[in-house]
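Please build the complex by placing chain V on the supplied structure of chain L, with the hints as guidance.
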Amino acid sequence: DSGVTQTPKHLITATGQRVTLRCSPRSGDLSVYWYQQSLDQGLQFLIQYYNGEERAKGNILERFSAQQFPDLHSELNLSSLELGDSALYFCASSVGTGGYSGNTIYFGEGSWLTVV
Amino acid sequence: LAKTTQPISMDSYEGQEVNITCSHNNIATNDYITWYQQFPSQGPRFIIQGYKTKVTNEVASLFIPADRKSSTLSLPRVSLSDTAVYYCLVGDMEDTGRRALTFGSGTRLQVQP
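Protein sequence lines correspond, in order, to chains L and V. Residue numbering for the first sequence follows our numbering, beginning at 15 and increasing consecutively. Residue numbering for the second sequence follows our numbering, beginning at 835 and increasing consecutively.
Chain L extracted, bound-state conformation:
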């Protein structure tokens, strides 16, 4: 158990809909990261927040947005969903600003999103 909690674990929704994925980082971690992993694909970095502020942005679609709240939990909002958005979405957290400063990043078990 990494200490990173993601909900829901599974979600099925229809095209065009909007969903929200939630992440609680490990206790004491200030950074939250979101990654997308499609079937048999690698991990695609979406976005990072550090202490409530956006820190780095990857290949996140305009239909997707995220935020980190004062209690440090984070939400990833996916809207106008398409079939191709079906994937496993991972949240991760670290104490500092990530791998380039020597801090270990810990991953949750992911949220499975299926768009039908």
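Keep in mind that a hint or two might mislead.
To be verified - Chain V is nowhere near these chain L residues, computed Cβ spacing over 12 angstroms in every case: (1) Ser16; (2) Gln31; (3) Val33; (4) Arg36; (5) Gly66; (6) Arg69; (7) Arg77; (8) His87; (9) Asn91; (10) Glu96; (11) Ser108; (12) Glu123.
As the list claims (entries may be wrong) - Listed next, with one range per pair, are the computed distances between beta-carbon atoms: (13) L:Leu97 <-> V:Ser875: 32 to 38 angstroms; (14) L:Gln55 <-> V:Asn860: 19 to 25 angstroms; (15) L:Glu68 <-> V:Asp845: 29 to 35 angstroms; (16) V:Asp845 <-> L:Thr128: 43 to 49 angstroms; (17) V:Ile842 <-> L:Thr128: 26 to 32 angstroms.
As the list claims (entries may be wrong) - Partial pick of chain L residues on the chain V-facing surface, computed with a CB cut under 7 angstroms: (18) Tyr64; (19) Phe104; (20) Thr118; (21) Gly122; (22) Gly124.
These are computed hints drawn from the structure, not numbers from a lab. We treat Cβ as the ideally placed atom computed from N, Cα and C, and that holds for glycine.
Showing chain V alone in chain L's frame:
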């Protein structure tokens, strides 16, 4: 953009030592190198992290040459349960100047009995 390059797949047998190399030619001065293990439908799990030379923990060793343009994850005496995808991760500079954390394509290790 900095990228990492790893072999797509490797095969080994139980009890053998496995070395997986990752190339990261554009690694930045402050970047650390981190390796993760991922089983199907699970989140990546931290294995080891290093900055330079050699790092060893209870499950693996990490070798980083002086120029830091590559790194090698060494798994001693692998077992069937080590069958997984292994990723190396380094910081990645975006065009905007902000840092991103980009995984490579990973190496799929298959351990045979």
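*asked:* Just to be sure I understand the hint, the distance between the Cβ atoms of V:Ile842 and L:Thr128 should be within 26 to 32 angstroms; is that true here?
replied: Check passed, 27 angstroms falls within 26 to 32 angstroms.
_Tell me if the interface restraint on L:Thr118 is satisfied: Cβ within less than 7 angstroms of some Cβ in chain V._
holds, 5 angstroms
*Would you check whether L:Phe104 satisfies its interface hint, that is, whether its CB is within less than 7 angstroms of any CB in chain V?*
Nearest chain V Cβ about 5 angstroms off; hint holds.
*Non-interface claim for L:His87, where every Cβ of chain V lies beyond 12 angstroms*: holds, 17 angstroms
*Taking C-beta pairs only, is L:Gln31 more than 12 angstroms away from all of chain V?*
The assertion about L:Gln31 holds, with a minimum of 23 angstroms to chain V.
*Quick one: work out the minimum CB distance from L:Gly66 to chain V and report holds if it exceeds 12 angstroms, violated otherwise.*
holds, 16 angstroms
*Does the no-contact call for L:Glu123 survive, Cβ to all of chain V over 12 angstroms?*
violated, 5 angstroms
*Confirm or reject the claim that L:Gln55 and V:Asn860 have a C-beta distance inside 19 to 25 angstroms.*
holds, 23 angstroms
*Does the no-contact call for L:Ser16 survive, Cβ to all of chain V over 12 angstroms?*
violated, 7 angstroms
*Do L:Glu68 and V:Asp845 keep their Cβ atoms within the hinted range of 29 to 35 angstroms?*
Taking Cβ atoms as reference, L:Glu68 and V:Asp845 lie about 42 angstroms apart, which means the hint is violated.
_Distance rule for L:Ser108, whose beta carbon must clear each one in chain V by more than 12 angstroms_ = violated, 10 angstroms
_A cut-off of 12 angstroms on Cβ-Cβ distance, and L:Arg69 was said to be off the interface with chain V. Does that hold?_
Not fine: 7 angstroms to the nearest Cβ puts L:Arg69 too close to chain V.
Consistency note: the structure conflicts with the earlier hints numbered 1, 6, 11, 12, 13, 15, 16 and 18.
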